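K.L.:
Next come the chains, spelled out residue by residue.
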Amino acid sequence: MGVEATAQPTGLVRARVAGFARRRFALWLLLPALVLTLGFYVLPTVGSYWLAFFDWDGLGPVGGFVGLDNFSRLLHDDSFLAAALHNVWIFVVLLVATNTVSLGLAMLIDRKFALRNVYRAIIFLPYVLSPLAIGFIWQVLLSPSIGILNPALDAVGLGGLQREWLADPGTALWVVIAALAWQWNALATVVFLAGLQSVPGELRDAARIDGARPARVLRDVTLPFLAPAFTTVNVLLAVFAFRAFDLVYVLTGPLGAPDGETLVMGTAVYTTAFPTGQFSSGASFSYAVAQGIFLTAVLGLAAFALLAFLGRREKRVL
Amino acid sequence: MSSEAARIPGTATAARRRRRLRAFGSSLSGQAVLAIACLAILAPCWFLFVGSFKSVEEFFASPFGLPASFAPTNYRGAWEEANIPTALVNSVVVTVASVLLGTAVSCLAAYAIARLRFRGAALVQLLIVSGLFVPTQVISIAVFIEMRQLGLLGTIWPLILMYATLGIPVGVIVLVGFFRAIPRELSEAAAIDGATPWRTFLDVILPLARAPMMTVAILNGVWIWNDYYLPLLFSTRAELQTLPLAILSFFGAYSTDYGLVFAGVVISAIPVVLVYVLMTRRFIAGVTAGSVKG
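Chains as they are written, first to last, in this note's numbering: chain A, 1 to 318; chain B, 1 to 294.
Extracted from the complex, chain A is given alone in its bound form (with noise of 0.2 Å):
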């Protein structure tokens, strides 16, 4: 019993100066991520950042200060506003693809078979090419004179569909969206396939037996086990679609061509920076600043809808 009393007071002080130590371990192992972080992404963000509200062409000395200026030009330019739009469209025609196809694909995947690896890593495989490459490689599939579609086109008989696919206003955003998708569903499948990999078999064979329907066994058993898997693709998917840049870049280059049909936020921010194009009117950093903050607050925005819907979706079936 002295014993013990004697102990307390002890061991509180050391608790503390445990707390103490713990304290300045974790800033020693803070440190290096902090000092990159706080070097090269939060310096030069907040100095980027602050120059939205002044008036800079990106050389010679900063201008006055304009305030919100530069935001309101933003909501008046009809071009930056197309190219938020094509974002839109891009992120919307791909959420729908995803959770079909690539779902899909995924659920066919997972079941035993012989050829399921390689399949699997088939379908994986344009994860880790390069955007070069596959911009590239849809280049010249679609081009006029050396491309694949339109020979095929004419061999089934469609002849009249043939286009010159990357300069079409009304194709080239669907290319583009195309060529990203293909990109985009190896990740989304990959995922998808590991959330499928997760439902205990027991479960969906203890459904089965009780005489659940394959379409009652998905509904209840496998899609709320994958929820987690949705909130994943969902969300990596805004990021995908809203910063798209080196594919779309690669394709139509800086100014989106044809006439801007296929210029994204990414682009715009890029060409109003470092205008290089003729048809640049001339670069004002600030204002590309302006919309890159747009762009951010875009995706922020989306990014946290989705993971507040799908987010509280995960709660509910677990």
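None of these hints come from the bench; they were simulated from the model.
A hint or two may mislead.
Computed cross-link-like contacts, SDA-like style, restricted to lysine to any residue with a CA-CA straight-line distance of at most 20 Å [claimed, not checked]: (1) A/112 / B/32; (2) A/112 / B/177; (3) A/112 / A/201; (4) A/112 / B/29; (5) A/112 / A/217; (6) A/112 / B/38; (7) A/112 / A/205; (8) A/112 / A/197; (9) A/112 / B/280; (10) A/112 / A/203; (11) A/315 / A/198; (12) A/112 / B/35; (13) A/315 / A/221; (14) A/112 / B/30; (15) A/112 / B/28; (16) A/112 / B/285; (17) A/315 / B/177; (18) A/112 / B/31; (19) A/112 / A/206; (20) A/112 / B/33; (21) A/315 / A/235; (22) A/112 / B/281.
For clarity, every value in this text was computed on a predicted model and none was experimentally measured.
Given chain A, put chain B in place with the hints provided.
P.N.:
Chain B alone, transformed into the frame defined by chain A:
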């Protein structure tokens, strides 16, 4: 197999036969759909591969037939014309260095955030993860100015530092999830045995973290290897080019000689595809880790 059938012979076998028939039918159509999907993925890759052996005339004569010969003429041409030897070395150095640096610092930070209770841990995590939402194009001018101030322009350090930094958000997300899942008793037992926090981390926790660190390395390694945006900004001299940029500028110069350009694209894709083929399981396990809660 036989217990069910033995009980109710006639009905059970009939039902099973019907079920097996239906399973065969659905799997047959399922196999067809999968085969078509794989064809849609492989056909463009095949087109790229056979195209890389064709001369300009062959391309126009038969765009999707086999080449006349598989002689590596285009490959030799691309290797010499596209600055590939230098770019290959740069790509390897930049990718390896930035992946090692980024994974190491993410690991340390993630352990602190996940396991060492301190005030502001959630805030630090939020700050780091928010990096995912900022488009690189916006911060690139400020980064450029900063690198000039640091005297790092004209070296490959801007690429290594930027890629390491941009890889931290993913690293922290994956590794925080992993460290949170390790039972606390493990580190507490080590502490009771008198190990310092540093020893506990190095000897007890780190060996367990090998697989998730591999995941982080793969996730970041793939996009760093394939990225051409930052090199566009910082590789101002030919000696600093990475593979994607070398191919991109090569494409600009030889845009009509498709065979030559395709050979360059194939060369740049070979290393990552090779690693992928050798480690398919690791890649797939990697990208799905943490995405699906057990």
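K.L.:
Under the criterion that the straight-line Cα-Cα distance not exceed 20 Å, is the pair residue 112 of chain A, residue 281 of chain B satisfied?
P.N.:
Since the Cα atoms of residue 112 of chain A and residue 281 of chain B sit roughly 17 Å apart, the hinted pair holds (cutoff 20 Å).
K.L.:
Going straight from one Cα to the other, do residue 112 of chain A and residue 177 of chain B come out at no more than 20 Å?
P.N.:
Violated, because 30 Å separates the two Cα atoms, which is more than 20 Å.
K.L.:
With a cut-off of 20 Å on the C-alpha distance, tell me whether residue 112 of chain A and residue 205 of chain A pass.
P.N.:
holds (15 Å)
K.L.:
Decide if the proposed pair is consistent with the structure: residue 112 of chain A and residue 32 of chain B, CA atoms, cutoff 20 Å inclusive.
P.N.:
Between residue 112 of chain A and residue 32 of chain B the Cα gap is close to 16 Å, so the pair holds against 20 Å.
K.L.:
Need the status of pair residue 112 of chain A, residue 201 of chain A: alpha-carbon distance at most 20 Å?
P.N.:
Answer holds: residue 112 of chain A to residue 201 of chain A is near 12 Å, not above 20 Å.
K.L.:
Against the 20 Å threshold, does the CA-CA distance of residue 112 of chain A and residue 31 of chain B hold or violate the hint?
P.N.:
Distance of about 12 Å is within 20 Å: holds.
K.L.:
Are the Cα atoms of residue 112 of chain A and residue 38 of chain B separated by 20 Å or less?
P.N.:
Holds, at about 18 Å.
K.L.:
Would the pair residue 315 of chain A and residue 198 of chain A pass a check requiring their Cα atoms to be no farther apart than 20 Å?
P.N.:
Since the Cα atoms of residue 315 of chain A and residue 198 of chain A sit roughly 17 Å apart, the hinted pair holds (cutoff 20 Å).
K.L.:
Does the structure keep residue 315 of chain A and residue 177 of chain B at a Cα separation of 20 Å or less?
P.N.:
Given pair residue 315 of chain A, residue 177 of chain B holds - Cα atoms ~18 Å apart, limit 20 Å.
K.L.:
For the pair supplied as a hint, residue 112 of chain A and residue 33 of chain B, confirm whether the alpha-carbon distance does not exceed 20 Å.
P.N.:
Holds - the C-alpha atoms of residue 33 of chain B and residue 112 of chain A are around 16 Å apart, at most 20 Å.
K.L.:
Taking only the CA atoms, is the gap from residue 112 of chain A to residue 217 of chain A under or equal to 20 Å?
P.N.:
Measuring from Cα to Cα gives roughly 18 Å; hence the hint holds.
K.L.:
With the threshold set at 20 Å, check whether the alpha-carbon distance from residue 112 of chain A to residue 203 of chain A stays at or below it.
P.N.:
holds (17 Å)
Hint compliance for this structure: hint 2 is the single one not met.
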